[in-house]
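Undergrad: Go ahead and model the full structure; you've got the sequences and the hints to work with.
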Amino acid sequence: MKILVPVKRVVDYNVKIRVKADGTGVELANVKMSMNPFDEISVEEALRLREAGKAEEVVVVSIGPAKAEETLRTALAMGADRAILIETDETVEPLAVAKLLKGVVEAEAPGLVILGKQAIDDDSNQTGQMLAALLGWGQGTFASKVEPSDGKVAVTREVDGGLQTVLLKLPAIVTTDLRLNEPRYASLPNIMKAKKKPLDKKSAADFGVDIAPRLKVLKTEEPAGRKAGIKVGSVAELVSKLRADGVI
Amino acid sequence: MAILLLAEHDNATLSDQTAKTLTAATRIGGDITILVAGSGAKAAADEAAKLSGVSKVLLADDALLANQLAEPLAALIVSLASGYDVMIAPATASAKNVMPRVAALLDVAQISEITDVVSGDTFKRPIYAGNAIQTVQATDAKKVITVRTASFAAATTGGSASVENIAAAANPGVSSFVSDALASSDRPELTSATIIISGGRALGSFGKFRELILPVADKLGAAVGASRAAVDAGYAPNDWQVGQTGKVVAPQLYIACGISGAIQHLAGMKDSKVIVAINKDDEAPIFQVADYGLVGDLFDILPAFEKAL
Ligand SMILES: Cc1cc2nc3c(=O)[nH]c(=O)nc-3n(C[C@H](O)[C@H](O)[C@H](O)COP(=O)(O)OP(=O)(O)OC[C@H]3O[C@@H](n4cnc5c(N)ncnc54)[C@H](O)[C@@H]3O)c2cc1C
Ligand SMILES: Nc1ncnc2c1ncn2[C@@H]1O[C@H](COP(=O)(O)O)[C@@H](O)[C@H]1O
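Going down the list, the sequences are from chains A and B.
Residue 233 in the working numbering sits at position 233 of the first sequence, and the numbers go up by one each step.
Residue 485 in the working numbering sits at position 237 of the second sequence, and the numbers go up by one each step.
These are calculated hints, taken from the structure and not from any lab test.
Treat the numbers as computed from the prediction; the structure is a model and nothing was measured.
C-beta: ideal position from N, C-alpha, C; glycine also.
There could be a bad hint or two in this list.
Incomplete in silico selection of chain B near chain A, CB under 7 Å [to be verified]: (1) 276; (2) 319; (3) 341; (4) 358; (5) 433; (6) 522; (7) 539.
If you want the footprint, here are the derived chain B segments under chain A, 3+ residues with CB under 8 Å [said to hold, decoys possible]: (8) 282 to 291; (9) 383 to 393; (10) 473 to 483.
TA: Here you go:
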């Protein structure tokens, strides 16, 4: 089985982002970029399945600017076999990403596609579900355990009340949640090796997909601020403040 | 506009997230139908019919829909879609699973986790863990929307809509339910509680988390939350996680104990009315959003707090 892992280049989760003064978006110049943390978990899971003999090849794919090659090289350094970059400078919404990924799936015929549950920039939480819909495949979202066997995959999902386990026919879509695994770091020799691994470049036009956005962003603004309150000196003072506020 | 609202329920009872989503739907404006899809869910449908501002309730009652699997549920919603301009649902684990599938099958964008309705086609939604708020206008004729329920008050009851039975759509046959492990508790749910007490990495163990946090929760009638670090370490179950990638809450009172205040945690609780932080580091970022900060060791403070209540 081949596993396809879509990875997105996003602003690093440690960066305190700033909204541009003119309301046109957030400041992205000279900001540290990294692989979406959920996608690191997806790459790790795919590698573990390959190492357990349940998959033969791990292919990573990213849709984004030329610099997304760095993100793909990170995934290759973790251990992925091969990469595909669909290069574009446009903002690509989840539906268009899913359509492009469908094109990649049709060309590569993977048995499993493992995506992150959410990109930490747009916080959409859509792409995996959309790809599953376009392919007519089953979906195991928010996964904390993934167990393929006999043409099926059992996925344990993190849901609002606890956990749910579903069984999907392969090929299928999985999206990863935080508790699935702890991603490995790439070693220096592997970072060197990754530079020579194959990376295929494509464009959106190669897949005949219209990536024009469906949402018009009218404005981007700072959230309403919250001012820091006071420090209280004791438990008794805290309790009396909360009583005075009528919240306890 | 005709609006279809997907109800959140556990077959037996309707979640109050449905009534909060109804408020958002009412702000969009139009004729609102609530869809209750489940198995043995008549009681939940009857509850939905009592919400004010609802024209009709559709009840799809079928074993196939018992566990809210995305594939048959999306097929059902898509089969109804021709009659509606807007399909809307609370941003719960269940609806986050199914609604993007619906959107893609209809070839439309999904507008995720709206926090405000500007007009019938324009909405506000947080991005970057709530550090920026986007105003977006949907250009698709049909709109698929999920609602961040912490931003909307629950609609009132007093309605008397009719309940109409409908059939499930054909099963796409690619998925099946195996099992679930759902916690049942007498405590309020995180997303509907008026008071929440949350614990972080500082609690140190599963046992200490329970020993220190739960007695206070019980005294206050509070729901219990946790930071990602506490969940990852196994001190608390996954469904207690509050934050960017967990639950988003806005109770009257939020008490953060031994939580540093990473942006991913703040994203889930900074709209709470009153925030209390208990932390031994007087420079912890959580104090920047706290109305009342108490600097000290939670192992001393929490038992004293519990006694003082
Ligand atoms: C993709 C991604 C998604 C994430 N999503 C979430 C999310 O949804 N929710 C979330 O919470 N986090 C999330 N995180 C993690 C987040 O970045 C932080 O790592 C996490 O919130 C830290 O948890 P914590 O505050 O419990 O632990 P720490 O940051 O380790 O803080 C512990 C605090 O306890 C204090 N302390 C220690 N001992 C005591 C004592 N005896 N008494 C009093 N105080 C004490 C310390 O001073 C410190 O401030 C996410 C991270 C990533 C990368
Ligand atoms: N531009 C992209 N390139 C590759 N993968 C992506 C891209 N956008 C989204 N994804 C995948 O879809 C997941 C969910 O993203 P989203 O639906 O935007 O929250 C991510 O974790 C990635 O696995």
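Undergrad: If a hint holds in the structure, say so; if it doesn't, say that too.
TA: Here is what the structure says about each hint:
1. Taking 7 Å as the C-beta contact cut-off toward chain A, the hint placing residue 276 of chain B at the interface is violated, the least distance being around 16 Å.
2. For residue 319 of chain B, the shortest C-beta to C-beta distance to chain A is roughly 6 Å, which falls under 7 Å, so the interface hint holds.
3. Checking residue 341 of chain B against chain A by beta carbon gives a least distance of about 4 Å; that is within 7 Å, so the hint holds.
4. The beta carbon of residue 358 of chain B comes within 5 Å of a beta carbon in chain A, closer than 7 Å, and the hint placing it at the interface holds.
5. Hint on residue 433 of chain B is violated. Least Cβ distance to chain A is approximately 9 Å, over the 7 Å limit.
6. Below 7 Å, beta-carbon pairs count as interface contacts, and residue 522 of chain B has one with chain A at about 5 Å; its hint therefore holds.
7. With a least beta-carbon distance of about 4 Å to chain A, the hint placing residue 539 of chain B at the interface is held under the 7 Å criterion.
8. Counting residues of the stretch 282 to 291 of chain B whose beta-carbon sits less than 8 Å from any beta-carbon of chain A gives 0, not enough to reach three: the coverage restraint is violated.
9. Remark: the stretch 383 to 393 of chain B is confirmed as covered by chain A, as 6 of its residues place a Cβ nearer than 8 Å to a Cβ of that chain, reaching the required three.
10. Check result for the stretch 473 to 483 of chain B against chain A: holds, 3 residues qualifying (beta carbon to beta carbon below 8 Å, three or more required).
Taken one by one, the earlier hints fail for this structure at numbers 1, 5, 8, listed in ascending order.
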